[in-house]
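Q: The two chains are supplied separately, each in an independent frame; assemble them into the complex guided by the hints.
The lines below spell out each chain.
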Amino acid sequence: MSDDERFEQQLRGTLRVLADEPAPRALVDRVDAIPSAEPMGVPPRRRWSLPVWRGAGAFAAAALVLILAGTLLLMPGGFLGLGGSSPSPTIPPSGVPTINPTASPSSAPTPTPTPTEAATATPAPTPMAIPTDFRVRSATFVSPDEGWALGGSACGTEQCATAIIVHTTDGGATWERLDAAPPAAVLLGTPAGGATSGISELRFADSRDGWAFGPELWVTHDGGATWQRVAVGGLPLKPVAALETARGTVHAVVYDSSGCQPGCFRIASSPIGSNDWQTDAVTLPVGSGPVPTVQLVLAATGGWILENDRVVIAGARLVNGLWRAWQPPCLDVNGPAVLAASDATHVRAACLEAEWGPYQGADQPSEHLWSSTDGGTTFTRAAVEMPLAEVDGLAAPTTTSVAAAGQGYNGTAVIFSSDGGRTWRTVLNLGQARVLYLGFTTPTQGFVISSSGMQITYDAGLTWRAVDF
Amino acid sequence: MIRVEVGPERVVDDERDVATAERAAAFARLVDRDALDHAYRFATLMLGDRTEAEDAAHDAALAAWRHLDQLREPERFEAWFARILSNTCRDRLRARGQVRVIRPIPGVEPRLPAAGDPAESVVLHEALAGALNELPPEQREVVVLRFFFDLTVDQIAARTSVRSGTVKSRLHYALRSLRGAFDAASRREDTP
Chain A
1 MSDDERFEQQ LRGTLRVLAD EPAPRALVDR VDAIPSAEPM GVPPRRRWSL PVWRGAGAFA
61 AAALVLILAG TLLLMPGGFL GLGGSSPSPT IPPSGVPTIN PTASPSSAPT PTPTPTEAAT
121 ATPAPTPMAI PTDFRVRSAT FVSPDEGWAL GGSACGTEQC ATAIIVHTTD GGATWERLDA
181 APPAAVLLGT PAGGATSGIS ELRFADSRDG WAFGPELWVT HDGGATWQRV AVGGLPLKPV
241 AALETARGTV HAVVYDSSGC QPGCFRIASS PIGSNDWQTD AVTLPVGSGP VPTVQLVLAA
301 TGGWILENDR VVIAGARLVN GLWRAWQPPC LDVNGPAVLA ASDATHVRAA CLEAEWGPYQ
361 GADQPSEHLW SSTDGGTTFT RAAVEMPLAE VDGLAAPTTT SVAAAGQGYN GTAVIFSSDG
421 GRTWRTVLNL GQARVLYLGF TTPTQGFVIS SSGMQITYDA GLTWRAVDF
Chain B
470 MIRVEVGPER VVDDERDVAT AERAAAFARL VDRDALDHAY RFATLMLGDR TEAEDAAHDA
530 ALAAWRHLDQ LREPERFEAW FARILSNTCR DRLRARGQVR VIRPIPGVEP RLPAAGDPAE
590 SVVLHEALAG ALNELPPEQR EVVVLRFFFD LTVDQIAART SVRSGTVKSR LHYALRSLRG
650 AFDAASRRED TP
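Residue numbers (our numbering), protein chains in the order written: chain A, 1 to 469; chain B, 470 to 661.
Just chain B, same shape as in the assembly (with noise of 0.2 Å):
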């Protein structure tokens, strides 16, 4: 092992700056490609709010800096910040014990996908919105993961660190209620 005399009363090992320095360029990658974009959608989604999804990010992030001399293989940043990210949001969530449902800006119509008829879309967005609120952050998390992010169920087991047999059945109660939403606007339209 080499060591590197850098003043008269400290001394650094060349190994550790060589980690320190993968961890930060780990880091900085979170900024420098879309992974942050991602993590603000995630937030999003998983919050219901966009300031406070900022806000998540932002303390993911900066628990991620914090404790990044704990991050083994600086290769699985992504993943491991995926992880802290995924935490500060249930955090936020268990503390305020609700899930908000992200207000629409007045006189701002949203995009809205384009399934048929535009305003069984509002309709039907409106609901699964809603549906979507009622969710269990465990629940909601997985169909954001798979529908949104486009993981598998193994990825998203990965992701989450449990078992994938947990993931499909998480996704079944989960879609079980957003059909149900789905279902129940859809029968208010066609009816007269």
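Bound conformation, chain A alone (with noise of 0.2 Å):
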């Protein structure tokens, strides 16, 4: 064989393993459904007068990003299952109930048409009001325009007695109600103790794949027009702390009070478009605090867990689609730690130092970054001090932007970093809100949920706004 021969053929060989990978599922399903979410030949609305993000399309990595802390309140006899039994509806073994929206004429869903019937232009059903006293729990986006927000009406201090899920298409300004939802109490903060059904968070893969969860499981498989409570495969009515989808795949983080004593986490996935839950052999314990938590990021190709029980304990990390032990940073520092990721490479984590003792002869808690360029294999501690009491929510927009909202100094705040945490500025101020949620669609639109609400930006945190519901 000739030089140039060998050199062909090498050129060759390195091109194949450089696209050696047919288009996954989940852009075959986004691209599927570009005819039924999109009207033929109408180029893309502007929305407001902020920037939009004309980058468009890492939306669906970027998503991944966001970060979902899970907790699970072990109070004795009471949480997790522990002894106790779900009033939820049982699950029959040969299937599971499914709910319809609401049967009445004129709030029944309109078939999608296809492109060349939308030319008949039927009229659309005035779509559910949102009642005005609609709280927000949680927030999904599966592109810069298209996203769900799970919240309730009739709430408590702890809790709605009516879930309600709204839609929207053009990036948060405007929602619509969806006609149906789970039949389960939307838990408004961290589950209460004894507590044992309703949901909490809300995950969209696509248009039609969607999960609202925490503790119960419910899957919809047509954009939530119809809703299942699900069990996981071989884990029935188990509570699910955590669930994150990526790649056609969703995974999911389960509390299992039986199979492991004293209690452990498990993961399991599935297919996206199917309930087929596969168990994975790898487990994390929990801790010996009274307040187990679990986090659950997943990034392009990886996938971190991590949990707490007032100090991080265990973590788990995802490795050419498998899921395996992993050793999570900050297992000395003390303290809890939450977790973030923009790529499979880089991940961080704001980890509460010395909170439950001392940390390099320190005794006063501080939050500080570390940061991690190897997928999680070893992280670098930031010298400079967080300006947060207690990070709550992070978020890796970008390699090298970081934000996060918690517990500040003078009330709660999110704060944002564009040089990989040596510098902070408060973006955000909150007031003595509770923070729920932080995360990222695209570099720069990111959205935070508290107790006071939600908040949209399009810049990168430099300007914020209300989302009205």
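Derived from the structure by calculation, the hints contain no laboratory data.
Some, not all, of what chain A presents toward chain B, calculated at C-beta under 8 Å: (1) F7; (2) Q10; (3) L18; (4) A19; (5) P22; (6) V31; (7) I34; (8) A300.
The structure presented is a predicted model; accordingly, all values stated were derived computationally and were not measured.
Glycine residues also receive a C-beta, built at the ideal position from the N, C-alpha and C atoms.
A: This is how it looks when you write it as structure tokens:
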């Protein structure tokens, strides 16, 4: 073989290696959904006067960096099914109950028109009104434009009696109520001790497939028109503590009180279009504290699970599609950590050091950012202290920018760093609200949900707008 | 021209409906056939990032759908979409000013081409991947179309809307850069 032939063979081989994967299922689904979600031949709408991130596209990956802190209270004889039974509908082994939308002629869902049918312009039914007392609890976006929010009406201090899901196709400028929602209470904060039912979080993978969970698990495969209560394979009715979706797969972290002692978190995964949950062999043992919490973070091909129980306890990492035990950062800092990732290699952790004991000679708690550029194998601690007393939400919109939300020294705040945590600036004050969620859909579009509502930014935190439902 | 009454206030030309249906059917081929696979692989090689490639392919599909009324010849949808995808990738490259290297998955050995000593293949593969990463988008595109999709120079010219001579020129400079990296890596391998 001549040098030229050897070179060409190597070049062709290198190209084959670099592009060895076919189009992922998620992409096929997203493209397949375009005709039913978009009118043909209509240019994109402009919304508000705020800058729109035209890089578009990265929404799918960026959405995955949103972190979820699923908090589970371990009260003696109480929550997490420790010997208790669920008051929720019993799931028969052969199937699951299907919840249909409100059966009134005026609210029946209209079949999505095909492109050729669109010309007939059948009048759409008037959507159900969003109640004036709607309180948002969770939100999820599959693109800069399309998203859903879970909330409720008739709310008390801890939960709302009626779950409501609303949908936006213009980046949050306007919302419409879906006809259906899981018939479950919406938990407004950390599930209270003794609670065994309800939902608190919402995720969608695309325009059709979504999950409402925490601790119950409900799924839709028709864009929210119908919802089914489902059980994770082999773990019926176990509380779902965290759930995220990426690259055609949905991953869930489930608390198991009976299969391991004194209890553990198990990981289960399913293709997004089905309910074929497979439980992984990896388990995360609970710690000795009373409040085990677990976070699930997915970014590109990477995935991480971190468990806190007062302090960092254990972790797992998704490598080549398989979950493996992982040594998370800040195991020795005597405090909890919050994770975020911008891609498969850049991982961040906000670690509350010295909360439950001294760390490096200091006994005054302080938040520090720890960063990894090798997918979480090693972390480097930032010397500068984060200007928050306690971080409740962390997001990594890009490899260099980081946003954090939590209790500041003068109230609740969102802070932002564009230099990897070396410097921080406060970008949003939330009074005395309690942060429930912080995430970014794109490098510039993000939102925070707190007990005072939902705020959204389109300029990387420079300005924020309260979402009006 | 036949006009069909579809409502008290709306009249639709059935010829226009037929054209719309043909365009929609052309778009559907993007999912039904392996066109989306090709698009995804092309975007992966252009952008060097699988996640961004997925988004670029989706963005191109969305742009195609939104401008489908501008497609005069539905039978040429694939070529039309290929140009949209190419422009989408170039826009993304321009926006970020560089091409990323496709990151290997930790702990997973790449499925390398069987060309002699496997150890040598790894070195040469990395050298070529790195050099490919450094090529300007226009040169990278012709290399991908020529050596991955096996298009001829004339086919590449038609697809990229440039003259065949321009394609040859871009290939020449691209291969010179790649060959330089390949030869340098080969020499390093030969050095004891």
